[in-house]
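Assemble chain B with the ligands onto chain A, guided by the hints.
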Amino acid sequence: MPTPTDTAAAPIIEFRDVEKRFGDNVVLKDLDFHVNRGERVTLIGPSGSGKTTILRLVMTLEEATDGLILIDGDPLTHRIVDGKRVRLSNREIKRTRTRIGMVFQQFNLFPNMTVIQNITESPIHVLGQSKAEATRRAKDLLHQVGLDDKADAHPSSLSGGQQQRVAIARALAMDPEILLLDEVTSALDPEIVGEVLGILRRIAETTDITMLIVTHEMQFARDVSDRVLMFDGGSIVEDADPDTMFTAPSHERTRKFLKAVLGEGQIGTR
Amino acid sequence: MQEQTEIWDWEMFFRALPPVLEGFLTVTLLVTVLGTVIAAALGLVWAMLIRLAPQPVSGIVKWFVAFIRMTPIVVQLLFAYYAFLMFDAMTIGIVVFGIHYSTYMSEVYRAGIDAVPKGQWEATTALSMSTRRTWAAVVIPQALRATVPALGNYAISMFKDTPFLLVIGVVEMVNAAQIFGGNNFRYVEAITLAGIIFLLASYPTSVLIRRMEKRLAYAN
Ligand SMILES: Nc1ncnc2c1ncn2[C@@H]1O[C@H](COP(=O)(O)OP(=O)(O)OP(=O)(O)O)[C@@H](O)[C@H]1O
Ligand SMILES: [Mg+2]
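Those protein sequence lines, which keep their order, are chains A and B.
The numbering of the first sequence is the numbering used here, which starts it at 1 and goes up by one.
The numbering of the second sequence is the numbering used here, which starts it at 1 and goes up by one.
Errors might be hidden in some of the hints.
Stated by the list, open to error - Here are the simulated DSSO-like cross-link-like pairs (lysine-lysine), alpha carbons at most 30 Å apart as the crow flies: (1) 131(A) to 150(A); (2) 259(A) to 29(A); (3) 118(B) to 139(A); (4) 139(A) to 94(A); (5) 118(B) to 214(B); (6) 139(A) to 150(A); (7) 118(B) to 160(B); (8) 150(A) to 214(B); (9) 131(A) to 118(B); (10) 29(A) to 118(B); (11) 29(A) to 256(A); (12) 118(B) to 150(A); (13) 29(A) to 84(A); (14) 94(A) to 160(B); (15) 94(A) to 29(A); (16) 84(A) to 94(A); (17) 139(A) to 84(A); (18) 62(B) to 118(B).
Think of the hints as simulated: they come from the structure by calculation, not from any bench.
Because the structure is a prediction, the values reported are computed rather than measured.
Chain A extracted, bound-state conformation (with noise of 0.2 Å):
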């Protein structure tokens, strides 16, 4: 499934020189990576490299310090004006983060409401759907999320994987161009990791939403990335297509780091 970087089409996602830091915490320094539209990209790396900072700055919940993050080449919060990095409206941040949406490690439904409810929410009052075209689609997706019943329960009611599938829709349903998965599966009990995987697998068959994966899974990072960039430290240290990455990387510190969570003789095993 690997695709060649395809350099003639616009890339969804541009980081510019990013830096992020908090306070004098340098999290991220001189960032530049792209990705192209419908490409599914996953970020691996050691606790605290910068893997969930970098989701975080695509979601807006974060902004960078410095440089430019391009969305189809739109800028995201900042953009240059005579030189100068100004910050946008708060109306433009807005626009461009529509097309985004994120699933998050602790779910993060919303409890005070009903499983549809949390997923017709935003395409009502976002989107402005009516409450009957957002609900016609709300069921379709609990429907391939494996979860028609659970239509009127509350996320309380829910185990900790049907949870995840219900955020798995709820962002869906926003219709995002890209999706930003965070360690979906972290929090997750290891009997049922594997059906949350199951339906983002599905997601990457059957659509061409461009993904953002950051997961310790990485036998489902090899089977649905078509790149995968190794993080350490708040920079790239190993850009390639995941058959490379886990077979034959080509830095000593992706070695280490696969040996580590992998263990011994697993690479290159599927």
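Relative to the frame of chain A, chain B with the ligands by itself:
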């Protein structure tokens, strides 16, 4: 050991019932219910202004809330009574009780809003929700759950503070009992009756609050 020397006189007790009950229904209960409604609504307004309004406004509201909370309700009743002569004492009483307790409620709402997990706010951003929908559909409903028990407890406090209405000449239940006592030279029965009514009204309310608290708790 007849008549006046008796410690308890049932006849007096039953004769005191109508005026004391009238004080309860027409003043005590009315002030408590309307005062609670005002306190609950204004408290949310204060909490949101402090959190969302731009600087001069939020600072002024914060100061006002702290000021009201730190002065006795008796002083506030007297001040409002003499400052706003165009309103009758009953209206003054309801509004002052409402405003006084709204300052406590605003603190409860603030705590409730702060208790909404960061992940909930982040989900509203990820779903591009407007500020209005974020507050109306997510933050306030979740903050309110934490608020209901405290609101109930403040309603009970307000209920017990209603005798202060005496300072502006409003005859609520305890004042009615005292007047009855003065007219009949017997205080014990009427005052006891007022105490019993307080207890009868407060106890079920507190049980109700505890029940609501349990029902509102998420099953997480
Ligand atoms: N809100 C914040 N305030 C201060 N520092 C932060 C904040 N968010 C992240 N950091 C710091 O940024 C660095 C990168 O964090 P990030 O969460 O992006 O790492 P990660 O690669 O996702 O790690 P993990 O694999 O553990 O999830 C860490 O040193 C972290 O302490
Ligand atoms: Mg992370």
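>> residue 139(A) and residue 150(A) were given as a pair; does the straight-line alpha-carbon distance stay at or below 30 Å?
In response: Answer holds: residue 139(A) to residue 150(A) is near 10 Å, not above 30 Å.
>> For residue 118(B) and residue 160(B), compute the direct alpha-carbon distance and say whether it is at most 30 Å.
In response: Status violated; Cα separation ~38 Å.
>> residue 94(A) and residue 160(B) were given as a pair; does the straight-line alpha-carbon distance stay at or below 30 Å?
In response: Measuring from Cα to Cα gives roughly 50 Å; hence the hint is violated.
> residue 84(A) and residue 94(A): Cα distance at most 30 Å?
Replying inline: 22 Å, holds
>> So if I understand the rule, the pair passes when the alpha-carbon distance is 30 Å or less; does residue 94(A) with residue 29(A) pass?
In response: At roughly 26 Å apart (the allowed maximum being 30 Å), residue 29(A) and residue 94(A) satisfy the hint.
>> What's the verdict on residue 139(A) and residue 84(A), does the C-alpha distance respect the 30 Å limit or exceed it?
In response: Not OK: residue 139(A) and residue 84(A) at ~47 Å, beyond 30 Å, violated.
> Holds or violated: residue 259(A) with residue 29(A), Cα cutoff 30 Å?
Replying inline: Answer holds: residue 259(A) to residue 29(A) is near 26 Å, not above 30 Å.
> Given the hinted pair residue 29(A) and residue 118(B), is their alpha-carbon gap at most 30 Å?
Replying inline: The given pair, whose Cα atoms are some 26 Å apart, holds under the 30 Å limit.
> Taking 30 Å as the top limit, are the C-alpha atoms of residue 62(B) and residue 118(B) close enough?
Replying inline: 24 Å, holds
>> Run the distance test for residue 29(A) versus residue 256(A): straight-line Cα separation, threshold 30 Å.
In response: 23 Å, holds
> Are residue 118(B) and residue 139(A) close enough, with their CA atoms no more than 30 Å apart?
Replying inline: Roughly 28 Å separates the two Cα atoms, so the pair holds.
> Straight-line Cα separation of residue 118(B) and residue 150(A) no greater than 30 Å?
Replying inline: With a Cα-Cα distance of about 26 Å, the restraint between residue 118(B) and residue 150(A) holds, given a limit of 30 Å.
Going through the hint list in order, the structure does not satisfy hints 7, 14, 17.
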